[in-house]
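S.K.: Starting from the structure of chain S, add chain G where the hints point.
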Amino acid sequence: MRIVVNGEPREVADGITVLQLLESLGLDPSRVAVELNTQIVKKPEWPHRTLESGARLEIVHFVGGG
Amino acid sequence: MEPDRYSRQVLFPGIGAAGQQRIRAAKVAVVGCGALGSFQAGALARAGVGRILLIDRDYVEWSNLQRQWLYDESDARDALPKAIAAARRLAAINSEVEVSPLVADLTAANIEEALEGVNLILDGTDNFETRYLLNDYAVSHGVPWIYGAAVGSYGLTMPVLPGKTACLKCVYPEPPSGAQPTCETAGVLNAITSAIASLQTGDALKILAGHADSLRPRITTVDVWSGEVRQVALPPPDAGCQACGWREFVHLEGKRRAPISLCGRNAVQIHERAQPLDLGQLKAALEPLGEVRANEFALRFFLPPYEMTIFPDGRAIIKGTDDVGLARSLYARYVGA
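Chain order of the listed sequences is S and G. Numbers given in my numbering equal positions in the first sequence, counted from 1, plus 6. Numbers given in my numbering equal positions in the second sequence, counted from 1, plus 13.
So here's chain S without its partners, still in its complex pose (with noise of 0.2 Å):
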């Protein structure tokens, strides 16, 4: 199924979840934020929170410089 991340289109498995769309990114899940269709998404909730066809996401890196 096709959603959005950060904008761009990307094809990913039906049922996929939050936490297994970050770990298929390759994205350490202690430095992100998770947008889903303009909601935050609780990172407890990252295991079982399915993504539906044409979800849209917003993946926010969190970084310490300054």
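FYI, nobody ran anything at the bench for these hints, they're computed from the structure. Hints should not be assumed to be uniformly reliable.
[As the list claims (entries may be wrong)] Under the rule of at most 30 Å between Cα atoms (straight-line distance), these lysine-lysine pairs were calculated in the DSBU-like manner: (1) K219(G) / K177(G); (2) K177(G) / K48(S); (3) K49(S) / K177(G); (4) K332(G) / K296(G); (5) K219(G) / K40(G); (6) K177(G) / K40(G).
M.R.: Frame of chain S; chain G shown alone:
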């Protein structure tokens, strides 16, 4: 006072004469006077913020001059404390502003006294530890603060209005684990630090001028290399958040802070941080910066006149100083904390 001084921003309808009065009456803390903080401090002084508190634990180094707007070669040559160098520059920029420099490591032990009476806090720090401390302080006292951070060509910012918007902990309940990319290990462009600091300053002026209610709650991310700018709406405070919901301020109570001890002469130990490190990854990040020797038990990084020995459990011994603030700063800059 020169009557024309603030005329251009007073002409701007969002500020006006009343907003300028409020800006003048405000006391703002700039915590961390590196790339973000020195830019914010300069902008706030020019905008006529009445009182500016500058807090920083570091000294000006040559590698700072590429992006830390307020400093010049003489500051680096003299290794002046950043808070002092910044305060001198602000006095020259705007003598009407009352500037208070504080050369200190902001901790749970001194934050209450240091930030007493502050109306707004701007994040110019370079580490997660201090940001979680600021978040706890801000939420517990109902003082707005504006998070900002940058590494490489990427940065992000979010305003936290306690009681109205989510806080840092609502969005990121815990600091990231393990070694993190820092400006020292991954590099940083001055365009991103000034862009993020500008966005923070814009929100600051809006809040100070009395328009916090119409501030749009959002996280903004910018990458000045890819040209990408993105925003995510910031939700209201989370009832399940340890800080906003439960009002448990573990960072403010010092419970989450890695203890530090002086070990012998001229060395500081930063104890286990419950933050396991991948020494192989850290070695790769530090090798371009200096001599690194590592095995599975420890990594030794030579950064004359300092020597850092880092263990897989996150513990470190920093030789070459007995200044705890400096040791924390080195850890934050090279390991990430």
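S.K.: None of the hints should be skipped; say for each whether it holds.
M.R.: For each hint, the structure was consulted:
1. K219(G) / K177(G): holds, 15 Å
2. K177(G) / K48(S): holds, 18 Å
3. K49(S) / K177(G): Given pair K49(S), K177(G) holds - Cα atoms ~21 Å apart, limit 30 Å.
4. K332(G) / K296(G): holds, 18 Å
5. K219(G) / K40(G): Within the cut-off at roughly 14 Å; holds.
6. K177(G) / K40(G): Holds. K177(G) to K40(G) sits at ~21 Å (cutoff 30 Å).
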